[in-house]
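J.: This is what each chain is made of:
Protein chains: 2
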Amino acid sequence: MDNKLDALFNPCNIAVIGASNNPLKAGYTVIHNLHQIGYPGGVFPVTRSQETILGRKCHVKLSDIKVDIDLVVLGTAAPLIYEIMEDLEIRMKKYNDVKVIACIAADYGETKTAEGIRRQECLIHTAKKYGIRVVGPNCIGVIDNINRVDTTFVETLIPKEMGGCKGGISFISQSGAMAASILMMGASQPASISMNKFVSIGNMADVDCIDLLEYFEADNDTKVIGMYLEGYPDGRRLIETLARIAKKKPVVILKVGRSSVGAQAANSHTGSLAGSDAVYDAAFRQYGIIRAYTIEELMDTLQAFDAMSLPRGNKCFLLTQAGGPGIYCTDAYMDQGNLQFPRVSDETKEELTNLLPPMANVGSPEGYADITAAAGARQHVESLRTILADDNVDCVIFVTVVPTFLPQKELGEKLVELLKEYPEKPVYICIMAGNYVLESRRILETNGIRTFATPSHCVKAAGNMTAYGNFLANRKEEV
Amino acid sequence: MDNKLDALFNPCNIAVIGASNNPLKAGYTVIHNLHQIGYPGGVFPVTRSQETILGRKCHVKLSDIKVDIDLVVLGTAAPLIYEIMEDLEIRMKKYNDVKVIACIAADYGETKTAEGIRRQECLIHTAKKYGIRVVGPNCIGVIDNINRVDTTFVETLIPKEMGGCKGGISFISQSGAMAASILMMGASQPASISMNKFVSIGNMADVDCIDLLEYFEADNDTKVIGMYLEGYPDGRRLIETLARIAKKKPVVILKVGRSSVGAQAANSHTGSLAGSDAVYDAAFRQYGIIRAYTIEELMDTLQAFDAMSLPRGNKCFLLTQAGGPGIYCTDAYMDQGNLQFPRVSDETKEELTNLLPPMANVGSPEGYADITAAAGARQHVESLRTILADDNVDCVIFVTVVPTFLPQKELGEKLVELLKEYPEKPVYICIMAGNYVLESRRILETNGIRTFATPSHCVKAAGNMTAYGNFLANRKEEV
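Protein sequences appear in the order of chains L and U. Under this note's numbering, the residue at position 205 of the first sequence is numbered 639, and the numbers go up by one with no gaps. Under this note's numbering, the residue at position 212 of the second sequence is numbered 646, and the numbers go up by one with no gaps.
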């Protein structure tokens, strides 16, 4: 099947209309980002005002470019849309090559003015005539970290050395600002997160959530789908699509407009009808679609699904290096509601007791151990090993403050070795001391092991993964 | 009144028993930290094994030191406590100078072993005999940023250039690990947070929460009190103390052991009885004591109280630069429950409409405005000024993603200027893009204006400050 959206994520050549030599303009940043991410195809800036941009020869018109162009990034001021579409027609009659337009400019339908709507109609009408798909307008663009495409005008986020990182998260955002924030927050993690595919969908004048959900459904490189959602005109169809996908891969959604006032703000923003929150919520629960309530929960959960296997059950051991953080974590654990403290074997308890400092607390409460600040790196790692080896344990939350006296590098490296031996059991690690523990967190994260900022962040991720694991298991039983 | 605890926060000279030249030992870090923070008094390391540590002459015994020592930091291995106490007696008979001991060593009463309990009894018994107060054992120490004292063995947290920062937060922690984490997380903020006074109370063998609460109650440099609390043997007395203080200054408490399992873990940890959570919760509400549920909420709320005036009422305007983050914030706002969108005057709306890009949303919903990504730095600042000038507004939540094209430095500096003009109205600022917006956040924070990591963090801080403002206002009416 010829899917035109392939050209969005894996274009042979890209034209950037409205290119610029001014680093403060979107028409520059797009070309800069394509260069930074290492896009292997040809980049063709289109502008009257420059000869070259970042070493790329400029063309005055799209129709002047002599090679095949399958993706056009449209960044000019909106009033120019009419002449650009005329020129697109010339090109299509001659080459018939363009498959997708990503319109990153604003001042189209979202303005709700007659002129804005007319511009959007011109864009969509012309594109449809030639079977071209349109992403946007009023979006920040598209990223594909596997094929090395970045048509966004967000500051370059993917350090060159990280560009090849094959994360399995694909993300759809109905808000450009939220998209940009999530990218920048992700890139600010101890080890930057590179999404697999990332699309800001803007006005959804053509390509919409469902097109992309279906694309990600079929995409083998997508392990988990994330979404920032305000609303969708055909809520029933959206839910049906999500429900079908959730049987195969996890979908994590930050659905806003929960409150009536929030829904009103959403309507003013994208014109979305937020829909009845109770209906969405019930459907999400029924169909195993994971709902996140905060940006942090959204990102933590996506990272957890990407980095770890699903737990086999809901038995989650809580291993802490300190009482306070352990108790704090226990409260969050009980709030979460779907995790259960395992009863480990007497052998496991005995092994832990022998291994740990005399003051350690093993099993009070059941399924909980406090190795204490007296525990060295070896005791951190070996106590975790003992717990992972117990059949009663499906996953572990592991909280440590890393005292001054503990070698961070050694701890990080030993944990990496251990976790490779137990790929089937998720371990949610929190090393909680802000920037002071970045060294060990970086060692873990660059080795594909996610870490979390606080114990309650671990709990959210563990709870969501467990809920999805249960959902799949129950489905299997029913079948 | 001679308050011996004065010597804890403002000692004339400090002896460090168990001093060391090994940077991986607590006995080194304490001396290093005292040096780093710029402690102006004399530091006297006590150890047999060294001549000098960090340039300070060592003494073999406490009783050998020839000058007045009012604070003793006790960091030796616990089994040595008996001979140290004998030597303390020699010193007290000769000089009668020591007022406080901060025992940062562990292996005392918290072990619940006969030997541990005996050690603690020896320490407390000897101290009491001479009227010496004891903090700990099993704590991480004490910090006073005004008097430049840091007896902790946590990695140096206060960069020298920040050491003079007179923050008004004083904090009491019933967990050393939580204390260390909170210090390190605070120091990892865009501009490091220096607490005013900070005490990890460990086993509370003598000095306990109430002693310190009362000290902070009377301390003019303490603007807000923070607390990590597991439980207290005399819950009624604790609540009475908190209730009395809350009439004068805000107290923000992360009370754990909320769940029965969490309470069990707390009991295993500090032997604390967590007490009925419902009773604590009701008392907190009744007496205007602010309860935080996460570490983030605790820190955000403390910072907000420290940096801003109390709002006069609950009318909180929501000003956003982008739809998505604004809607997300609105949901959190409605969840919070005690904030109310103000109805601003028609003049304010007209002024905003004239000032902002045509696509801006002013007043849909009421009390909300989206200035859009097209807004420049001037429009950010002037729209905020217009809203602050409206009498219907008590405080503002201000969310911006800072697009690539907006000069961060200019935005930060202009906001600082503006906010100085409206010191009586809190503005909760979120510039949401991880490390990519540290420049503007740092400009704001080094000028005493707190910023928050996400919109929902703003909401928590705004909600808590508003709740406390209401509590005080209602009290006034009753009187």
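In case anyone wonders, no lab produced these hints; they're calculated from the structure. Keep in mind that this is a model prediction, so the values were computed, not measured. Careful: at least some of the hints might be erroneous.
Identical copies carry no separate label here, and so any pair may be met within one copy or between two of them.
[To be verified] Straight-line alpha carbon distances no greater than 25 Å define the calculated SDA-like cross-link-like pairs of lysine to any residue that follow:
id	residue 1	residue 2
1	LYS843	ASN869
2	LYS459	ARG812
3	LYS459	GLU855
4	LYS843	SER622
5	LYS683	GLN484
6	LYS546	ASN788
J.: When Cα atoms must be at most 25 Å apart, do LYS683 and GLN484 count as within-copy, between-copy, both, or neither?
T.: neither (46 Å within a copy, 63 Å between copies)
J.: Check LYS459 against ARG812 for me: Cα-Cα at most 25 Å, and say if that holds within a copy, between copies, both or neither.
T.: Between copies, since 18 Å is at most 25 Å while 52 Å is not.
J.: Evaluate LYS843 and SER622 at a C-alpha cut-off of 25 Å and name the case that applies: within, between, both or neither.
T.: both (21 Å within a copy, 20 Å between copies)
J.: Checking an output row: LYS546 and ASN788, CA cutoff 25 Å. Within, between, both or neither?
T.: between (70 Å within a copy, 18 Å between copies)
J.: Given identical chains, is LYS459 near GLU855, meaning Cα to Cα at most 25 Å, within a copy, between copies, both, or neither?
T.: This pair counts as neither: shortest intra-copy Cα distance 49 Å, inter-copy 33 Å.
J.: For LYS843 and ASN869, with the copy left unspecified, which applies at a CA distance of at most 25 Å: within, between, both, or neither?
T.: Close inside one copy (15 Å) and across copies (24 Å); limit 25 Å.
Against the hints set out earlier in the document, violations occur for numbers 3 and 5.
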